[in-house]
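Please build the complete structure, drawing on both the sequences and the hints.
Under this note's numbering, read the sequence shown as residues 1 to 55, first letter to last.
Worth flagging that the hints you see were computed from the coordinates, not collected in a lab. Just so you know, even glycine gets a beta-carbon here, dropped at the ideal spot from N, CA and C. Please note that a few of the clues may not be correct.
What the hints assert, rightly or not - Have a look at the derived ranges for each label pair, beta carbon to beta carbon:
1. I50 <-> Y19: 15 to 25 Å
2. K2 <-> Q35: 31 to 41 Å
3. G24 <-> N53: 28 to 38 Å
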Amino acid sequence: CKVQAVVNIYGPTDLTHEYARNRGECLQFLKKTYQEAPDLYRAASPRAYISANDP
Numbered sequence: 001c002k003v004q005a006v007v008n009i010y011g012p013t014d015l016t017h018e019y020a021r022n023r024g025e026c027l028q029f030l031k032k033t034y035q036e037a038p039d040l041y042r043a044a045s046p047r048a049y050i051s052a053n054d055p
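And the structure:
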């Protein structure tokens, strides 16, 4: 199933960005630091699931 639409009201979209990854919420959610698991942060980022072909 492909996502048809998203309404983001201030939520982080790229957990790999320095601002997002240095916040406690990411560590609390993912249980690892960015340095320990960068692939996990990429996979948890909504930005990883959009492309130029999306509506």
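Item to check | Satisfaction of the hinted span 28 to 38 Å by the C-beta atoms belonging to G24 and N53 | outcome: Given about 35 Å between the Cβ atoms, the range holds.
Checklist entry - CB of K2 to CB of Q35, is that within 31 to 41 Å? => result Holds: the Cβ-Cβ distance is about 32 Å, inside 31 to 41 Å.
Checklist entry - In this structure, is the beta-carbon distance linking I50 and Y19 contained in 15 to 25 Å? => result 19 Å, holds
Hint compliance for this structure: no hint is broken.
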